[in-house]
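Colleague: One-letter residues, chain by chain:
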Amino acid sequence: MAFLQIKNVKIKAIAAAVPDQIFHNKDYEWISEKEREILMETTGIRERRFTKPGTCTSDMGVFAADKLISELEWNKNEIELLVFISQSRDYVLPNTACLIQSRLGLSKNCMAFDIPLGCSGYVYGLSVVASLLSHGNIKKALLIAGDVASYDLSYTDKSAYPLFGDAVSVTALEYTGNNEDVFVFNLQTDGSGYEAIIIPDGGNRNNITEESLKQIQYEEGIIRTRRNIFLDGMKIFEFTLREVAKNIKQLLAFLNKTTNDYDYFIFHQANLIMNETVRKQLKLTEDKVPYSLGNFGNTSSASIPLTIVTQLNQKANTENLNYIFTGFGVGLSWASVSVNLDKIYCPEIYIHNK
Amino acid sequence: MNIDDFAKRLEEEFEEIPSGALKADVKFRDIFEWNSMNALLLMALISTEYDVNISADELRNCNTLGELYSIVSSKLSE
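As they're listed, the protein sequences go chains A and B. Start counting the first sequence at 1; every next residue gets the next number (our numbering). Start counting the second sequence at 1; every next residue gets the next number (our numbering).
Since the hints were made in silico from the structure, they are not lab data. Be careful, since some hints might not be right.
[To be verified] In silico lysine to aspartate or glutamate, DMTMM-like type, Cα no more than 20 Å apart, as pairs:
id : chain 1 : residue 1 : chain 2 : residue 2
1  : A       : K34       : B       : D51
2  : A       : K34       : B       : D57
3  : A       : K235      : B       : E11
4  : A       : K283      : B       : E13
5  : B       : K75       : A       : E71
6  : A       : K246      : B       : E49
7  : A       : K280      : B       : E12
8  : A       : K235      : B       : D51
9  : A       : K283      : B       : E16
10 : A       : K235      : B       : E12
11 : A       : K246      : B       : D51
12 : A       : K246      : B       : E78
Could you build the full structure based on these sequences and the hints that come with them?
Modeller: See below:
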């Protein structure tokens, strides 16, 4: 089991940005009004934010990171690590993190690279950034995580279109040298389930051809191309029920702790019925499991920080709290981390309107 | 747990099932509108209520309530 204990590093700030354009699922005319009601009730997703065409995840990321850096009064020369977690990169190559380093005006003495994970990406990203910082050579780091999912969605696929929203998050981390600052991770993978969430064409396995752009009807209400995202709802559900609570229980057992030792459990925002099942499996009370999916949908690797920013930012700013963060999905990849956040800087959500 | 408790719990969860309609030999897909959402709700209920997980394939292969019950109870005794 990939348990990882990392000391001497802490989260200094968490910020998130969303586009100003709101799309309400009650206006999703591809399906009947009754279907829309059932959809909103079971998934819990009422509205999402979409960027304007042409806006990349990196545009929102640079906007949010610039704002956070200046609010923290960080010296840009001291940021020597930048990791960009995203499945919606600017170019096939180079890595988007390189472009962001330049656009933010960070020093050339800055490590910068992408990690193209989705739902589990925030927790995986924290494990990589915290690990690199823990050596003590690099003092300050930025983790930018999020996606513009709207590019990959087919309006005429009712099984995917109403679920996703665009968002990005920025997390600032610091080397503290304090042994009591501890992250403990449980990181897992099962690539045998890679087909459960997939965009089949556009990589080297299936290059883009004319076929890739053909609209294909798979089921009633499900029409998409092979460049759109495909979800096997049943397989994802089965995986989530089988693995997610177990991953958290293993982490708690490793730490010799119980759920009572934690103030909040921040789950990746997949959909309400799935997340509520995990909450009930762990016998957690509702007040310990906040949601942002009602207003923002499934926001991929931004979902955990976005939930903190939109649901807990007053508390995060003023209180010392213990959290479990858990991401799960595409890969299949899933991970949890036990982390203490002591009065971090957590500003109100930033709205990106370019 | 016995099959009557199991049937009762399902009837509570799915309001559209008429009370007392679920019996061991009843094909549960026949007595209320069966769709993928109900399949997910059923998997969720079994997971949270009985602490066992049934797979999508196992559910797909079940026709009657009795078959479903025997999968759940065999997993319970594992």
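Colleague: For every hint, state whether the structure bears it out.
Modeller: Comparing the hints with the structure gives:
1. A:K34 x B:D51: violated, 32 Å
2. A:K34 x B:D57: Status violated; Cα separation ~28 Å.
3. A:K235 x B:E11: Roughly 25 Å separates the two Cα atoms, so the pair is violated.
4. A:K283 x B:E13: holds, 18 Å
5. B:K75 x A:E71: violated, 54 Å
6. A:K246 x B:E49: holds, 16 Å
7. A:K280 x B:E12: holds, 17 Å
8. A:K235 x B:D51: Given pair K235 of chain A, D51 of chain B holds - Cα atoms ~19 Å apart, limit 20 Å.
9. A:K283 x B:E16: violated, 27 Å
10. A:K235 x B:E12: Not satisfied, since the Cα-Cα distance of roughly 26 Å exceeds 20 Å.
11. A:K246 x B:D51: Holds, because 11 Å separates the two Cα atoms, which is no more than 20 Å.
12. A:K246 x B:E78: With Cα atoms ~17 Å apart, K246 of chain A and E78 of chain B stay inside 20 Å; holds.
Violated hints for the displayed structure, listed by number in ascending order: 1, 2, 3, 5, 9, 10.
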